[in-house]
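Chains as they are written, first to last, in the numbering used here: chain A, 1 to 190; chain B, 1001 to 1298; chain C, 2001 to 2136; chain D, 3001 to 3665.
Derived from the structure by calculation, the hints contain no laboratory data. Cβ atoms here follow ideal geometry from the backbone N, Cα and C, with glycine treated the same way. Each hint should be verified, as a subset may be incorrect.
[Stated by the list, open to error] Listed below are the simulated DSBU-like cross-link pairs for lysine-lysine, each with C-alpha atoms no more than 35 angstroms apart in a straight line: (1) Lys2114/C to Lys3060/D; (2) Lys183/A to Lys1120/B; (3) Lys1120/B to Lys151/A; (4) Lys160/A to Lys1042/B; (5) Lys1256/B to Lys160/A; (6) Lys159/A to Lys1133/B; (7) Lys1214/B to Lys5/A; (8) Lys1133/B to Lys160/A; (9) Lys1108/B to Lys1152/B.
[Stated by the list, open to error] Partner residues aside, some chain C positions facing chain D, computed with beta carbon under 7 angstroms: (10) Val2053; (11) Glu2077; (12) Tyr2080.
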Amino acid sequence: MPDLKTIIPEPDNNLLSFVRTHTGQNISACYQCGKCSAGCPTAYAMDIGPRQVMRAIQLGLRDEILNSSAIWLCVSCQTCSVRCPREIDIAQVMESLRLLSQSEGRPPAQREILVFHRAFLQQVRVFGRLYEVGLGIMYNLRSMHFFNNIKRLPSLFAKKKLHLIPQRTKGAAEVRRIASRVKELEREFK
Amino acid sequence: MAQVKPDTGKQEPGRIYSYYPGCSQLATAEEYDVSARLVSRKLGIELRELENWICCGASAAHSTDHLLSLALPANTLKQAEEKGLPLAVPCAMCFSRLKFALHELENKDTRELVSRAIGKDVSTDVTVEPMLKILADDDIAIPLEKPLAGLKVACYYGCLLVRPPEVVNFDDAENPQTMERLMQKLGAEPVEWGLKTSCCGAGVAFPRLDVVLKLSYRILSLAKERGADCVAVACPMCHANLDMYQKDMKAKYGQKLDLPVLYFTQLMGLALGFSPRELLLNRHITNPLPMLRRKGLI
Amino acid sequence: MSADNGPRIIGFLCNWCSYAGADMAGTSRISYPSNIRIIRVPCSGRVDPMIIVKCFQEGADAVLVAGCHPGDCHYNEGNYYSRRHFALLRELLDFMGIDKERFRVEWVSASEGKRFSQIVSRFTEDMKKMGSREAV
Amino acid sequence: MSRIGVFICHCGTNIGGVVNVPEVVEAARHMPLVVFADENKYTCSEVGQASIRNAIAEHKLDRVVIASCSPRMHENTFRRTVAAAGINPYLLEMANIREHCSWVHSDSRDATSKAIDLVRMAVSKVARHEALFPRQIGLTKRALIIGGGVTGIQAALDIAAAGHEVVLVEKEPSIGGRMAQLDKTFPTLDCSACILTPKMVDVAQHPNITLLSYSEVVDVRGFVGNFEVDILRKAKMVDYDKCTGCGLCWQACPEKIPSEFNLGLGYRTAIYIPFAQAVPNKPVIDIANCRYENYRRWKETEQGPEPPQCRICEGVCPTEAIDRTQRDEIITEKFGAIIVTTGFKTFDHSVYGEYGSGKYPDVISSLQLERLMSAAGPTEGEVLRPSDGAHPRSVVFIQCVGSRDDKVNRPYCSKVCCMYTAKHAIMLKEHDPDVQCYVFYIDIRAGGKDFEEFARRAQDETGALYLRGRVSQIYQKDGKLVVLGEDSLMGRPVEITADLVVLATGMEASENAAEVAQKLNISYNAYNFLIEAHPKLRPVETQTDGIFIAGAAVGPRDIPDCVAHGSAAAVKAVALLSQDSLTTDPLTSVVDPMKCVGCFACREVCPFNAVEEQTTRDGRIIASINESVCKGCGLCVVACRPGAINLRGFTNQQLLSEVLTLVGR
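Isolated chain A (complex conformation):
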């Protein structure tokens, strides 16, 4: 939950400008109608809803947002973006905030979700494609939820939904190459 300390708005709200430069979205335009929160499938699980995230940007409440679970529980379903009367691409803003939060090395409010994403990419780097069994194992290990979904495994195997031998493709090398190039470029731009 956000702490209730007094807001002391700074004249230069760099969060507002960050969002503007990285997403081209003008958050000042938000008039706080709440349609985004109203339609957001995961808002109920968030500490502050999309509307309050927009408000926090207007007020420059950096920690409020970047430590929030909201940016992690956003599943990019785009519902808010499509319905916003002020035509703000809220989902895109959420994404940019997720990235900002990581670039500042903040511990995510929903650690598991980040772990999942990382594990996912790990699989892709190794196999060029997602190997779901690997993902499952990797996630359980990293998230410390060792038995997560374990009870499902038998049925999944029975239904041949999971393959014990991952496909390796030439793509794997390709992915690693791309991934490393991306890292270089990103360093270059920092």
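With chain A fixed as given, assemble chains B, C and D onto it according to the hints.
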């Protein structure tokens, strides 16, 4: 409802696509891939799978690394571009990522940056189409063998297929009708309902199953309340969330749903006369066979 | 008075609000008991308390005076005067041995057709219960 | 012996469907003095009216009762009908057997017997009607406008354009009102003075308009078409015939007084024009502050030390226009119509202790900010902090100061503050890009053409930070102002350190509004805003014929509304002045000179001052009713103890007769 022409067997020009199955279609959603290929062949649509295609990065990439989330799909787009064929994509997530990439590559600077990332210069000169759009095309004759008479279908699109319109430009974001029209062509009876584009919880099943249960249950229970015999989907993630956890929903919300969730391609397959085995109907966690038997469709 | 039985009620209605309100009840077909007989006056302030006394002397069972809501008077302040007059009149009626309840003052605006019919219905009901004055 | 004809209407089935009309007709035939009774399908139709006219002729009827719909519907129609047949229109009575009978009662028996009663009442009443004749009275084709703000200016110009004479009375030395103090106007941002000044000049130059500046209305007598008004012309000590407005005097005058026009932010001299574009562009001497006038006051008593004599103005005036002999004078003028446009003043925020009781120099009112922004203002349009003349960087706006606040007895919304605050935020940013504006609001009320878009602009484009919540307190801290509020959208307290705080002070009726209203005998509400005859359908009329109201004197309004309102009032006045004579309604009170004892209890209760004194031949002073003023409410009839007053059309005898037909034994 377009009237049904007899199968001439011969391929019409422009019915050849590059094909990008997407990771899920290799495993949890194999039945989607298989049925899509079967149905396409039957309808005279040739799918040529891109060799050595790689993952689109899914939500993992765009949640953690913006450039990577563009580079991975861009690489696939490049492959498709080289083939000079439109790209057919069954998975809604892949489709969404590819489309987003295309959208952002419109920007020159982004395009140059991404080109450097994948070491080839990408262009936006490639069409990406969802399997649903290709197969539901009204110009395609569907040689019905077993019309799905009396089958009430709740067509579920989820998020990524239709949102955001300016990126995916496919059907209507709030009340799409493509799948409904297709089901009517198959002789089935689409039910109208209000949650066809509501989110099922997408990729958070691993870390936050509770969220998926809540959202998916809301969707399924409405479909059932509207009298649907099954839910038709066009996305492996939607399928997983709706199909796999019905037992957990029963445990949590006390309602026994037992509402089969099928890929629209599987329903097409049935109508075209393929056997449940061919269509891997046995793969689903929520077994659709009893319902189909009851309906006399198998 | 009319052949129909039941209380004989005389209503003095100001032309601008209450009489129009009664018209409104008519145009919107909101029915009420037919016992009341309406006399149109320009303003509730025109109704001389002595006329009301006369009504009772002559055997009316009940009298209703209705005017504009305080502040809405077409003549700015007429209804304030009537309010004062009738406060005094009540005491006088009491003195004359006439139940105060048989005399009512109500504010009905031109748009309150429903309210008018409710007032008349309730008044008529109460008067039925109370019985006609001869019977007293 | 009068011969009464009764006509019962079926009104199709509206009446006939419930009331047994033939039975009513039959009953009517046996009522006293009724010589003829008949029924019509539709009495108001031409056929129906013809049948009445024929019956009147054929049966020599001299009074008519029509039982049909409400008299509020067709009384005038039928008055014309009987008049056409040679009967005085006031010898007609209607029985309302539709709205009050057939439409509200379903039982045919009850409805019919009630209808018969209603007809009987009408018959007994009509027998006691007397022939009445509307009187024609003359009128003065001249309009008075009280208040020279934009509303009054517009009304004056419109009436003058219609070819009627107008006298415009303004208490200040110049017309222009509040609008003249504004810098820009929302939502178009055009310069207030630039659009107002031409209109002011037109007023000064129009041949049909007489401008009485520095003057006030002190008394109003008379009635519609024939008002008599006393106007106080305050001594200007300047002969306007000689004065050329050259300006030498006010440049020379040594006395410095805080300028009212600049709300104390600048100074004016003792001989002055309030602002550069003033109309008339000639000065007045502020007697209270003029050094020489002060000396003259001293001379009378010679108490205390002798103050300096100054008279510099007289020295520099090239035309010897300074005229110390001038004294206040009262002139009396006649008018046919009066328009009240006394406008508004802004709320005095000093009642808010929590905002510094008006003592913090850098907590200013929105109107003061207008003056600071105005190129013609005390700072030539540079927005500087009153305390130290520094450029403010962080500016906090507080809305609803003296609006929507029961605590200060201002529960109403002042309507314009949301918009002008948005304007201020936008303009400030234009004046100085480094300024950061914060706006505390409760709701943004931007109903109006292009208003919402404009209000959004302040937030979307100029980056003003809007915070939803009322500020609780302001206090000074090392040269700055600390503002304590809440962002109710985050549910969190907010603290802002500001260089300047601008209070969006609401609109109030101008201080003399109630006084003027009393003189005119028109009503005003708890906040001294004038009250319309009908808030929707008669927005510029009052309950007193011939007196109209317009602009912010009626309630908070913005400029376009005031201008439209002013034109509307002008049309009403013109419609009145275009007549050659006025017809009065004869349904008025009359005094019986023999019975009147001259107690004038009637005068106490008359809401319209219609009661006048009259001396009889035998020298008694008795009441008489001015029929042109009387509106026939009848209050005097009830008040008259000797029963000398009666109300035509509703006489005691008539009401009594109606009662007796119902309950008479």
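Please list, smallest to largest, the hint numbers that this structure does not respect. Of the numbered hints given earlier, those the structure breaks are 1, 3, 9, 10, 12, listed in rising order.
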